[in-house]
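Full structure from sequences and hints, please.
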Amino acid sequence: MDITTIREMVDRYLQGLATDQEKQFIEKWLQARPEDEQPLQDQDRQAIHGVLWQLFTDHTDWSSFATPMTTRKSHSLFNYRSWIGYAAAAVVLLCGTVWLTTILFKKQSPVAQTITALKGAHKTVQLPDSSIAHLFPGATLVILGNFNTTERPVSLSGKVFFEVKQDPARPFYVQSGKLRTLVLGTSFEVTAQDSFYTAVVVRTGKVGIQYDGRQLADLTPGKRLRYDVRQNNFAIDEVNAAVLCEWWNNGMVFNQSPFEEVVQSISDWYNVPIEITGTKWKQEKVTIRIKDRSLTEALSLLSATLGFQYKKENNRIIIY
Numbered sequence: 347m348d349i350t351t352i353r354e355m356v357d358r359y360l361q362g363l364a365t366d367q368e369k370q371f372i373e374k375w376l377q378a379r380p381e382d383e384q385p386l387q388d389q390d391r392q393a394i395h396g397v398l399w400q401l402f403t404d405h406t407d408w409s410s411f412a413t414p415m416t417t418r419k420s421h422s423l424f425n426y427r428s429w430i431g432y433a434a435a436a437v438v439l440l441c442g443t444v445w446l447t448t449i450l451f452k453k454q455s456p457v458a459q460t461i462t463a464l465k466g467a468h469k470t471v472q473l474p475d476s477s478i479a480h481l482f483p484g485a486t487l488v489i490l491g492n493f494n495t496t497e498r499p500v501s502l503s504g505k506v507f508f509e510v511k512q513d514p515a516r517p518f519y520v521q522s523g524k525l526r527t528l529v530l531g532t533s534f535e536v537t538a539q540d541s542f543y544t545a546v547v548v549r550t551g552k553v554g555i556q557y558d559g560r561q562l563a564d565l566t567p568g569k570r571l572r573y574d575v576r577q578n579n580f581a582i583d584e585v586n587a588a589v590l591c592e593w594w595n596n597g598m599v600f601n602q603s604p605f606e607e608v609v610q611s612i613s614d615w616y617n618v619p620i621e622i623t624g625t626k627w628k629q630e631k632v633t634i635r636i637k638d639r640s641l642t643e644a645l646s647l648l649s650a651t652l653g654f655q656y657k658k659e660n661n662r663i664i665i666y
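At the far end of the sequence shown sits residue 666, using the numbering used here, and the numbering has no gaps.
Keep in mind that a hint or two might mislead.
Derived CB-CB ranges, DEER-like [claimed, not checked]:
hint, residue 1, residue 2, range
1, Ala588, Asn492, 50 to 60 Å
2, Val618, Pro514, 39 to 49 Å
3, Lys657, Thr566, 42 to 52 Å
4, Glu592, Gly466, 12 to 22 Å
5, Pro567, Lys524, 20 to 30 Å
I should point out that these hints are in silico values taken from the structure, not numbers from a laboratory.
Think of the CB as a built atom: it goes at the ideal place given N, C-alpha and C, for glycine as much as any other residue.
See below:
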């Protein structure tokens, strides 16, 4: 909204010709709190003051002040009250200039962008800095509003593999629950399942891992850090990151992964709810590869590996 538009809107307001929307706008300004004010550039302040002062003078009959008092007494009470109304409105408008300009000219706060891969389908996206993110089915990635300014923050739930463009001046970091992964330029995968665990696998480069502000480790290629949320501890092991991290090409590969993680991944990949009954199977670790298989084939393979049974019930799978 430019200065001319402001002038016309306030002019209509003073004449009683403003629309309901314009009235709401002006009245919202008049009711503003002082703490909402923002500093203005000198040229903006002068321009707004000039517009409002001109409006004040346009609606004031200055000649009446040059008329002798005896003559002015003959003026109607209506005109006097009209002048008082205009004067009061103009004074209020002038006093509220800073807040008005805050509404009209202040920059909008950056808005976060949320990207979600539907269950049953993965998604690959390019971030504003040209980095690439591969979202596992069911994953959600949030690009924070200040991304690509002095830093490049994102947050996620589910599993996402990143190919980060190098930019030492603007660190790239991923927040997943209380775990933060900080990089300058590398490729790595972060998995965050709130009720189970958080894991980071590095394919290239180097990343630093923090949990709740505490430095845990620096990971190099082929290293995986797994944080057990329930036990509040972590472990680091070696994995084949090249195979593990390219599930969109190589299928799902698990290396000594908790059974719950495997089941959750299968559930998201095939878009079917899966429930594990009992505690026996939840303690198991699984090493398996599932590629180009139907849901039935994947469950049969997993069942043959561990020895559990399963059944279909009300559009879901129950493992027992």
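Quick rundown of the hints versus the structure:
1. Ala588 - Asn492: 50 to 60 Å: Since Ala588 and Asn492 have Cβ atoms about 33 Å apart, the given range 50 to 60 Å is violated.
2. Val618 - Pro514: 39 to 49 Å: holds, 44 Å
3. Lys657 - Thr566: 42 to 52 Å: Since the Cβ atoms of Lys657 and Thr566 sit about 44 Å apart, the hinted range of 42 to 52 Å holds.
4. Glu592 - Gly466: 12 to 22 Å: The hinted range 12 to 22 Å holds for Glu592 and Gly466, with Cβ atoms some 19 Å apart.
5. Pro567 - Lys524: 20 to 30 Å: Holds, since Pro567 and Lys524 (Cβ atoms, about 25 Å apart) stay within the stated range.
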